[in-house]
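Participant: Sequence:
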Amino acid sequence: RASNGTAALVGMRRDLLQLLEKQPELTAVDFDLRHLLSSWFNPGFLKMHRVDWKSPAEVLEKLIQHEAVHEIDGWDDLRRRLQPDRRCFAFFHPQLPNEPLIFVEVALLPEIPAVIAPLVDKKAETVHQASQYKVAAFYSISNCEPGLRGVSMGNFLIKRVAEQLHAEFPSIKTFVTLSPIPGFIEWVAAGAVIGDDQSSIQLKPALRAAREQALDVLNLGNRSWAERLAEGWHPDTATEKEKSALLCLASMYLALGSAGRNGNPVAKFHLGNGAKLYQINWAGDLSRKGLRQSAGLMVNYLYDLSTVEENHERFTRGEVDYSRSVGRLMQ
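If you use this note's numbering, the sequence shown closes out at 1032, no skipped numbers anywhere.
Treat the hints as calculated values from the structure; they're not laboratory data.
Ideal placement from N, C-alpha and C gives every residue a C-beta, glycine not left out.
Worth double-checking, as some hints may not be accurate.
With a straight-line cut-off of 30 Å between C-alpha atoms, the simulated DSS-like cross-links for lysine-lysine are [said to hold, decoys possible]: (1) Lys860 x Lys944; (2) Lys990 x Lys860; (3) Lys755 x Lys874; (4) Lys969 x Lys942; (5) Lys824 x Lys755; (6) Lys755 x Lys823; (7) Lys944 x Lys969; (8) Lys874 x Lys823; (9) Lys874 x Lys835; (10) Lys835 x Lys755; (11) Lys874 x Lys969; (12) Lys860 x Lys969; (13) Lys755 x Lys723; (14) Lys860 x Lys755; (15) Lys969 x Lys905; (16) Lys835 x Lys824; (17) Lys944 x Lys990; (18) Lys990 x Lys823; (19) Lys942 x Lys905; (20) Lys860 x Lys748; (21) Lys905 x Lys990; (22) Lys969 x Lys835; (23) Lys969 x Lys990; (24) Lys860 x Lys823; (25) Lys723 x Lys969; (26) Lys835 x Lys823; (27) Lys824 x Lys905; (28) Lys942 x Lys990; (29) Lys905 x Lys944; (30) Lys874 x Lys860; (31) Lys748 x Lys874; (32) Lys748 x Lys969; (33) Lys990 x Lys824.
Quick list of simulated restraints, FRET-style, between CB atoms [what the hints assert, rightly or not]: (34) Glu762 x Asp716: 21 to 27 Å; (35) Asn743 x Arg962: 24 to 30 Å; (36) Glu1020 x Ala758: 43 to 49 Å.
Go ahead and model the full structure; you've got the sequences and the hints to work with.
Facilitator: This is the structure we're talking about:
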């Protein structure tokens, strides 16, 4: 076996992906290479390790470099994310021992979180009493290697982490995410179409009426979302009608549109993984990015290890498991 052969092939695909847009005739080569890498990076071959402050510096640097959801602001920020009430786990390949392929960040909490800021606040007080840990909240999952795009690893990582945390902390009974909703406002601005152009007619009359009413309240055809934000729009000062409209449309977007071809990518990942659409949170992410992409909304997906296989099968048939609270938001 050639030295560094695995890394060389991953690097080759990384370069190939950059060429595909201008040279689509390379698609067949990419298909073969992805198929090969999918077998080489089968989760059965991968090692899951906890990353902590004692991990090699080059591993820690890669976390800072590749965190894709909530930027890590230097070493102090990273140190807080590795404290006793936080966990970080990554998959490694035996041939690439200091190269985290994908990693997930987890907060150990007394209750289900609705707001991201306390979870990523580097000055937040550390909770040391393990007896207070009732909930494990997955708040970020990031791929480190562009050359492995399309190679499925994240779903296996989350399930393994949940099993390990449940064994380590029997008090933890609930496993949820706190996830962004990228593309939501863009979808609203485009008319909030569910599925393809034809499928909106399949909505029940009551849901269709609720959608049209919500779109009328927001009236993005008159003033764009960017203009609203520039004028100072903020969840704390939004009207009740605006709040109801945004929550209504978000519930439809995630519960009714996720299984379609153009469904939200984060929702597709977790729902396809067997999670339940559990709760949509108002003012969950007040960062500029959060306000721009989702009006500050965030969502909890619930992982019940006893139902993930059933929910996964349902999602492959186009069905989404969602809570009553999400269902009520659509009305």
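Participant: If a hint holds in the structure, say so; if it does not, say that too.
Facilitator: Hints versus structure:
1. Lys860 x Lys944: violated, 34 Å
2. Lys990 x Lys860: holds, 28 Å
3. Lys755 x Lys874: holds, 28 Å
4. Lys969 x Lys942: holds, 28 Å
5. Lys824 x Lys755: With Cα atoms ~20 Å apart, lysine 824 and lysine 755 stay inside 30 Å; holds.
6. Lys755 x Lys823: Distance of about 18 Å is within 30 Å: holds.
7. Lys944 x Lys969: Holds. Lysine 944 to lysine 969 sits at ~24 Å (cutoff 30 Å).
8. Lys874 x Lys823: holds, 26 Å
9. Lys874 x Lys835: Cα-Cα ~6 Å, so holds.
10. Lys835 x Lys755: The given pair, whose Cα atoms are some 26 Å apart, holds under the 30 Å limit.
11. Lys874 x Lys969: Given pair lysine 874, lysine 969 holds - Cα atoms ~24 Å apart, limit 30 Å.
12. Lys860 x Lys969: Judged against 30 Å, a Cα distance of about 16 Å means the pair holds.
13. Lys755 x Lys723: violated, 44 Å
14. Lys860 x Lys755: At roughly 24 Å apart (the allowed maximum being 30 Å), lysine 755 and lysine 860 satisfy the hint.
15. Lys969 x Lys905: Holds: lysine 969 and lysine 905 sit about 23 Å apart, inside 30 Å.
16. Lys835 x Lys824: This hinted pair holds, its Cα atoms lying about 22 Å apart.
17. Lys944 x Lys990: Judged against 30 Å, a Cα distance of about 18 Å means the pair holds.
18. Lys990 x Lys823: Answer holds: lysine 990 to lysine 823 is near 19 Å, not above 30 Å.
19. Lys942 x Lys905: Holds, at roughly 22 Å.
20. Lys860 x Lys748: Holds. Lysine 860 to lysine 748 sits at ~14 Å (cutoff 30 Å).
21. Lys905 x Lys990: violated, 33 Å
22. Lys969 x Lys835: Status holds; Cα separation ~26 Å.
23. Lys969 x Lys990: holds, 21 Å
24. Lys860 x Lys823: holds, 27 Å
25. Lys723 x Lys969: holds, 28 Å
26. Lys835 x Lys823: holds, 22 Å
27. Lys824 x Lys905: The hint is violated at about 48 Å.
28. Lys942 x Lys990: holds, 23 Å
29. Lys905 x Lys944: holds, 22 Å
30. Lys874 x Lys860: Holds, at about 14 Å.
31. Lys748 x Lys874: holds, 25 Å
32. Lys748 x Lys969: holds, 25 Å
33. Lys990 x Lys824: holds, 21 Å
34. Glu762 x Asp716: 21 to 27 Å: holds, 23 Å
35. Asn743 x Arg962: 24 to 30 Å: holds, 27 Å
36. Glu1020 x Ala758: 43 to 49 Å: Check passed, 46 Å falls within 43 to 49 Å.
Against the hints set out earlier in the document, violations occur for numbers 1, 13, 21 and 27.
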